[in-house]
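Visitor: The lines below spell out each chain.
4 protein chains.
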Amino acid sequence: MGSIYGKIFRISTFGESHGAGIGVVIDGCPAGVTFDSDFVQKELSRRKPGQSRITTQRKEGDEFEVLSGVFEGKTTGTPIALFIRNEDQRSKDYAHIADRFRPSHADFTYEEKYGIRDYRGGGRSSARETAARVAAGALAKLMLAELGVSVSAFVSQVGAIKVVKPYQELDWSQIEENPVRCADPEVAQQMFDYIDQVRKNGDSVGGVVFCVAKGVPAGWGEPVFDKLHAELGKAMLSINAVKGFEYGSGFDGVSMLGSAHNDLFYKDESGVIHTRTNRSGGIQGGISNGEDIYFRVAFKPVATIMQDQESLNKAGETVIVSGKGRHDPCVVPRAVPIVEAMAALVLADFYLRNKSSKLSRD
Amino acid sequence: MGSIYGKIFRISTFGESHGAGIGVVIDGCPAGVTFDSDFVQKELSRRKPGQSRITTQRKEGDEFEVLSGVFEGKTTGTPIALFIRNEDQRSKDYAHIADRFRPSHADFTYEEKYGIRDYRGGGRSSARETAARVAAGALAKLMLAELGVSVSAFVSQVGAIKVVKPYQELDWSQIEENPVRCADPEVAQQMFDYIDQVRKNGDSVGGVVFCVAKGVPAGWGEPVFDKLHAELGKAMLSINAVKGFEYGSGFDGVSMLGSAHNDLFYKDESGVIHTRTNRSGGIQGGISNGEDIYFRVAFKPVATIMQDQESLNKAGETVIVSGKGRHDPCVVPRAVPIVEAMAALVLADFYLRNKSSKLSRD
Amino acid sequence: MGSIYGKIFRISTFGESHGAGIGVVIDGCPAGVTFDSDFVQKELSRRKPGQSRITTQRKEGDEFEVLSGVFEGKTTGTPIALFIRNEDQRSKDYAHIADRFRPSHADFTYEEKYGIRDYRGGGRSSARETAARVAAGALAKLMLAELGVSVSAFVSQVGAIKVVKPYQELDWSQIEENPVRCADPEVAQQMFDYIDQVRKNGDSVGGVVFCVAKGVPAGWGEPVFDKLHAELGKAMLSINAVKGFEYGSGFDGVSMLGSAHNDLFYKDESGVIHTRTNRSGGIQGGISNGEDIYFRVAFKPVATIMQDQESLNKAGETVIVSGKGRHDPCVVPRAVPIVEAMAALVLADFYLRNKSSKLSRD
Amino acid sequence: MGSIYGKIFRISTFGESHGAGIGVVIDGCPAGVTFDSDFVQKELSRRKPGQSRITTQRKEGDEFEVLSGVFEGKTTGTPIALFIRNEDQRSKDYAHIADRFRPSHADFTYEEKYGIRDYRGGGRSSARETAARVAAGALAKLMLAELGVSVSAFVSQVGAIKVVKPYQELDWSQIEENPVRCADPEVAQQMFDYIDQVRKNGDSVGGVVFCVAKGVPAGWGEPVFDKLHAELGKAMLSINAVKGFEYGSGFDGVSMLGSAHNDLFYKDESGVIHTRTNRSGGIQGGISNGEDIYFRVAFKPVATIMQDQESLNKAGETVIVSGKGRHDPCVVPRAVPIVEAMAALVLADFYLRNKSSKLSRD
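Chains as they are written, first to last, in full-length UniProt numbering: chain A, 1 to 362; chain B, 1 to 362; chain C, 1 to 362; chain D, 1 to 362.
Chain A on its own, in the form it takes in the complex:
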């Protein structure tokens, strides 16, 4: 009962790792958005497995089909259904975990909650579910682009290795040039080497994705509960393996004094109001203020490791769980397009919601 998201631009996702496929229905996308199939496919490719030796070696084409809602290349205002049929399923890889609870996975909690569980590849709890988010997010990005809004992310930390430069000084064109999707090429190489080492040890490691939205005008966000950053936080925390979210000054802002933290307003040469600093992360009182919106998302190390771990089976007996199949030693390189997609979905929704803020005669 939690697979529908958004208030106006609403997505309803479905699908399991080893079922027929993964899909999404988007209800509430305005009519007239140019549906660029190539772009949607490209976004899916950024998320798909098998991109380099530090990502899982599963081969999934992740080709999508439009089932409804697009006519002569445009959205029609009716629901848009996108579907990605599953391929290369090796369900038998999972027979050994059918009655076992893998540590720090969702096996135990799904069993407790539903009393039944599609154990193949994690079923619905598999990160494969995020393909639907990326497809829907690609459409949201297309709509936002027509409004001059863009969303971009990169890997800013892997294990203890961090990008230290401010995001404004990075060369964003570098992100897709390295398999880690880090905007700083030197740090990217260190991250790659570290992940590769972790992989060889049959282990996994976490990371941080940094995301920036540019071009968002002042006014998006709906206090007091649906503040823009609150909804961004929920969207990010809903992604598999995410453990934390912070925007603007974030947790570091805690130890600052107000006199140093406040963002002072000024007017630039062209008469536009800006803030001299942006510790607010582009959001004040839950509403965008026209500055860059930026935030960080923390991902834990992937729970599946190629090492033996003690656990329990459904009968409550102690068993050994051994990692099999093909898994990512570090999830963040493939998480970059997912973070962007969820951010785009949140922004698309708030763009539409904001249309009702003031009385207008149209």
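Take the hints with a grain of salt, since some may be wrong.
Note that identical chains are pooled: a pair holds if it fits in a single copy or bridges any two copies.
Subject to a maximum C-alpha distance of 25 Å in a straight line, what follows is the list of computed SDA-like cross-link-like pairs (lysine to any residue) [unchecked claim]:
| no. | residue 1 | residue 2 |
| --- | --- | --- |
| 1 | K165 | S255 |
| 2 | K324 | Y266 |
| 3 | K74 | Y94 |
| 4 | K7 | D308 |
| 5 | K355 | E146 |
| 6 | K162 | R361 |
| 7 | K314 | D292 |
| 8 | K267 | I320 |
| 9 | K200 | L257 |
| 10 | K355 | P217 |
| 11 | K355 | G32 |
| 12 | K314 | S360 |
| 13 | K358 | L147 |
If you are wondering where the hints come from, they were derived from the structure by calculation, not from laboratory data.
Got chain A sorted already, so can you dock chains B, C and D onto it with the hints?
Guide: Showing chains B, C and D alone in chain A's frame:
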């Protein structure tokens, strides 16, 4: 359009700092919950101003009235409306900011979004709005208590001063014994002194609230979007001044290896399944697993300071904004009951949502 | 869990017949609507008891208070709370039904559903609850008026006495001139005499309210589930005592042939597209087409009668229920403003929803 | 923005008449419902075209595929996606109406609302959309059956030809025995002959579907807005071509006196509370009372007729629209399973919502 929260246990809040009052309507509370007025009043008192010299000196009785939904001491299943009439309003204190944008406040963004703004005390963006959350949260706590679930929080950081002991080793009975609401009395004193110093400087400082929910059974949370921690994150981020949220291992988990991070299952003497560690924060795959749920919430330094700051007015002219009125130098002591209230509201909602997980004949 | 209505222009109502009062919170009203208190009070007066000898003789001033959301005479985009404190409660009038199930009332079903029941005056199931709808609807009317949309209703049937003239030929200024609120003065007199006779017999009778919305532009309504007439139907059926809803040709359309029923399009002199007939009731495919929207709402005879009736008490014993207190022999005269209010709320919501139909750059 | 329906048992439908297909995602179905594919297919077959010479001659297999949510024959608590791929599309049949507004269709209003329109077969406004409702409704029926609740409907009127017997006296096993789906075989023959005559004249005619739900326990329905009959009304009115809804005594109840209309309570031999009559239609105060729930749904004559009609094209020029393609002269025989499906969906949702009415320790 964002003042309604929750799916089944739904709250609808209203009110401004200097209007008639602050209130909340709760639709979806089950019938039969004993409504303990004294408890609700006590919770409101924990949030109200004027508790010590490190909180604002405004005097607000914050006495509430039940407008509906309670009959002979029990909830009836119909909407429960609670109202707190405003007192001690000094609206004229705010005349000087009627046309000015206070730095890092919501003045500018409300003006941009709505084209009109109740500037008195921040209007709807005032932290006074949280009184309604605390009142509704008190009712949620009462319901949860009947289910054996409790929610408690304390201040774990102010500026750079942190509680370092694990939460399990703290004496929680100490929390209400000091004005900072820190569970470690020694650290509490350091925090108090620091906040007092900051106050004398006319400045402000941030902090962290640490929250634990005990007794939540396995099964609460609704993947894939309404994961328990995602909704907790949204609820916390919707509180004024919050900049970040993390649960379980949080941002620190990023730099751990999977082999060290995974929580191993075991069965205790009474046959109950537990995990040996709890880096999952009591939530796996977005669903509670029966362990303690714990998380941290980062609050920025309060934007209102008793120092002159440069800013703009509505006409776009440079002006000086001077802090007046009565304000908190550090928001976290009074934020403790707010964090608890929002957590209780989220849990109450998921308790009810979880009733639909499995087919049952009742 | 059903006291919140609307998607964008959302109302959350609360209150019981003999509690503190009746109220409503409106979340999602745009900023900038002029709040005309006199108009809201006038609408409440049209609904209030004691208007003539054919309505209940209860005296209720039904004066409302604005608790939030209005500043300097305008809505601010934040929640608007309106509250009507109860007066003239004679709760002891109801002691005799505390443990009895009145025939065709909600006593039995509330008891079954909630296990507890505020029996005083019907509690939440009292028609007094509709005061909140009228208050919120008045605000919706004010907003719609600024868009050139009006909603008006009249009593078109009482018992078997019907208005036979087409609504276009009636003098709508007559509606408020007679206590029945019938647009045809002659029929109004017959209705009045009949209701008065029914009243003297201690009985009750049903009726039909006919409602027309003018000025609604083409485009309002959200297929496939939230069709404009589907939502109007739900809104009307949610009013106490309503048993049926039909729009346009309604049930009579069933026996027509398609060739006679279809509304042919044409262009008028000013180039505007119209239909020559309007059996569609201004709605095609669930979306307004620019013609008048009209519909009929059937009300059953009021369940409370001044006659003895056999029933059961909570213990399952046969008892006699005798009507006491002050009740309406026919509900439709006072239902006119309620029907209008609910229609206005539905239209206000669809106006806002329609803003997201097409991509626009604003 | 209106293709998602339900609060807990939520369906999200998609698809157009001549796109890839028609589908539905069900989010909120409890885990553990036995998914009987044959039953779902059988329900779809009751709705599909080509059943007799009085229904459209289009040939559609309407075979469905399960895309997600079912594992080893049971629902898993995760979203269930069902898809029916379109076949036998003759899109070129529709080229002639690409720029024309067919009278009493949704062509004009979709064009006005969205600015773009998939004209092939009516696109999203085609009755083909209801296949998704029937598929989802079949699942709801399966769940309800496990709770002892059934939903059945039949055609009670075609043009002016009506079934006059009370529904309790009809032989329901006759319904599927005749192509009209009328429970009275003699009336069924008259209806068939009449529809056939209308068909030969290239015309169409309306009808009424009568529906009964049995076995619904007391307690389902959520006042004050989401009353059981209000939601049933909305669900029915959302079906293509529906013009009216009434339950229990309906519009006829208007002219009754309260003393004759009230349903008196009594206790049967086994101690169960019943009402002697059932003018309430099984619903009091918006909540089921344990009696049969019954209602009537009015369908207008189908707008597509095989006769020339004057209309306008997008350029505003007068044109002649001629019916082509394959259409139903009377929609009600195929509407029977759609009415049942929507009723089942409403009941399934209220069953789940009612779980939160009272505090319980489970």
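Visitor: Any hints this thing doesn't respect? Which numbers, in order?
Guide: 4, 6
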